[in-house]
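> Residue numbers 4 to 346, in the working numbering, belong to the letters of the sequence shown in order.
Note that these hints are calculated values from the structure, not bench results.
Glycine residues also receive a C-beta, built at the ideal position from the N, C-alpha and C atoms.
Incorrect hints may appear among the rest.
Computed spacing ranges between beta-carbons, pair by pair [to be verified]:
no., residue 1, residue 2, range
1, LEU98, SER317, 39 to 45 Å
2, GLU179, ALA79, 51 to 57 Å
3, SER310, ARG178, 34 to 40 Å
4, GLY272, LYS76, 37 to 43 Å
5, VAL169, SER310, 26 to 32 Å
6, TRP160, LEU93, 25 to 31 Å
7, PRO101, TRP161, 36 to 42 Å
8, GLY83, GLY168, 39 to 45 Å
9, LYS76, ALA97, 21 to 27 Å
10, ARG276, GLY89, 39 to 45 Å
11, TRP160, LEU50, 36 to 42 Å
12, GLY114, ALA79, 52 to 58 Å
13, ALA79, ARG19, 30 to 36 Å
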Amino acid sequence: MEDVVLTLAPQPRRPRLPWLDVLKGVAMAFVVINHAMIWPLRTGDGLTAFAYGTCYWTVAGFAAVTGYLAASKSMADPVGFLRRRGRQLLGPWALAAPVYALAPFVLPLLGLPFPIELDRVPWVISILLGGGALWFLPVLYAASVIATLLAQRTTSWWPFWVSLGVYAATAALVRESPLAFGHGTFWAVTPLYVASYWFGLEVAWGWRLRWNHATWLCLFVASLALPGLTSYLRTTLAMPWLAWLTYAAGVPGGVSALMLALGTTREPGVVSRAFARLGVDSLGVYVLHPLVLGPLMVVLPGARTLSGAFVGGSVAISACYAMVHLYRTKRLKPRADSMNIPG
4 MEDVVLTLAP
14 QPRRPRLPWL
24 DVLKGVAMAF
34 VVINHAMIWP
44 LRTGDGLTAF
54 AYGTCYWTVA
64 GFAAVTGYLA
74 ASKSMADPVG
84 FLRRRGRQLL
94 GPWALAAPVY
104 ALAPFVLPLL
114 GLPFPIELDR
124 VPWVISILLG
134 GGALWFLPVL
144 YAASVIATLL
154 AQRTTSWWPF
164 WVSLGVYAAT
174 AALVRESPLA
184 FGHGTFWAVT
194 PLYVASYWFG
204 LEVAWGWRLR
214 WNHATWLCLF
224 VASLALPGLT
234 SYLRTTLAMP
244 WLAWLTYAAG
254 VPGGVSALML
264 ALGTTREPGV
274 VSRAFARLGV
284 DSLGVYVLHP
294 LVLGPLMVVL
304 PGARTLSGAF
314 VGGSVAISAC
324 YAMVHLYRTK
334 RLKPRADSMN
344 IPG
């Protein structure tokens, strides 16, 4: 009898859901353009303030998608899952955060002004505590840890409602913006994304609300308009506390975006496929975009206008996607070559 070598069969990868990639791509485009709007937002322009607020659904959308995709993995091997998520989220953050922390010291040496209106020391402290443009990486990991640990004990909805209750209580007790409350960080809004993540878990576990596509679409549109309105009022009336409402009003948009993506059955068109490609590389684009967007908006003519923000954001998205895609192509090519078996 011939010797037989037993090996573990590779686990089949779950096929990608194209509309989830589209959702991530659209959300990432909103994120980058949202950050580009910071420049015209400083002028107090009301239209920019409204447009800025329409982007607040994105973080909840990413959290909901992450919860949906992570449900089976986190339940089967929670420790291994959290280790992998730590490498995926905190690894890039740990590499990028020192670079961004040094930005106010390096840019003047290059003859460029530092674009953020903060003193250098508070800026460095904020970045190293998880703030800055990459704040969602540590916050999403914290939400992943909390939700994964809770999911080992319950599959009911109470973590969702408790998270929202904690956020509401904090907002009612604190008489300043969530960023000021967190010394320039975003930890105060973490409960919102625990709730969004939990929503994704519940959907993956089989929960469905009997709403049709049009109802979810209306909820999504409303979740663009309401944060836009609160952002407008916060800017024009100088009421920073309203930021609590702006972040909260984005959550229905994020969860409805997940339901819209899961409920869409037609094949993505040309534009949707472009967003899907951006969604596949969204993590890399997110990590790189401040490095590209900041200097670009400093030198771009018209950067302090809403149209300039759209131009700068679009250029930054294209540049970051090209860099990430080139890196992925070069990294994967040796693997593909090593799998070629001479015949």
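> Look at each hint and say if it fits the structure.
Against the structure, the hints:
no.: 1; hint: LEU98 <-> SER317: 39 to 45 Å; result: violated (26 Å)
no.: 2; hint: GLU179 <-> ALA79: 51 to 57 Å; result: violated (42 Å)
no.: 3; hint: SER310 <-> ARG178: 34 to 40 Å; result: holds (36 Å)
no.: 4; hint: GLY272 <-> LYS76: 37 to 43 Å; result: violated (31 Å)
no.: 5; hint: VAL169 <-> SER310: 26 to 32 Å; result: violated (40 Å)
no.: 6; hint: TRP160 <-> LEU93: 25 to 31 Å; result: holds (29 Å)
no.: 7; hint: PRO101 <-> TRP161: 36 to 42 Å; result: holds (39 Å)
no.: 8; hint: GLY83 <-> GLY168: 39 to 45 Å; result: violated (31 Å)
no.: 9; hint: LYS76 <-> ALA97: 21 to 27 Å; result: holds (23 Å)
no.: 10; hint: ARG276 <-> GLY89: 39 to 45 Å; result: violated (31 Å)
no.: 11; hint: TRP160 <-> LEU50: 36 to 42 Å; result: holds (38 Å)
no.: 12; hint: GLY114 <-> ALA79: 52 to 58 Å; result: holds (53 Å)
no.: 13; hint: ALA79 <-> ARG19: 30 to 36 Å; result: violated (20 Å)
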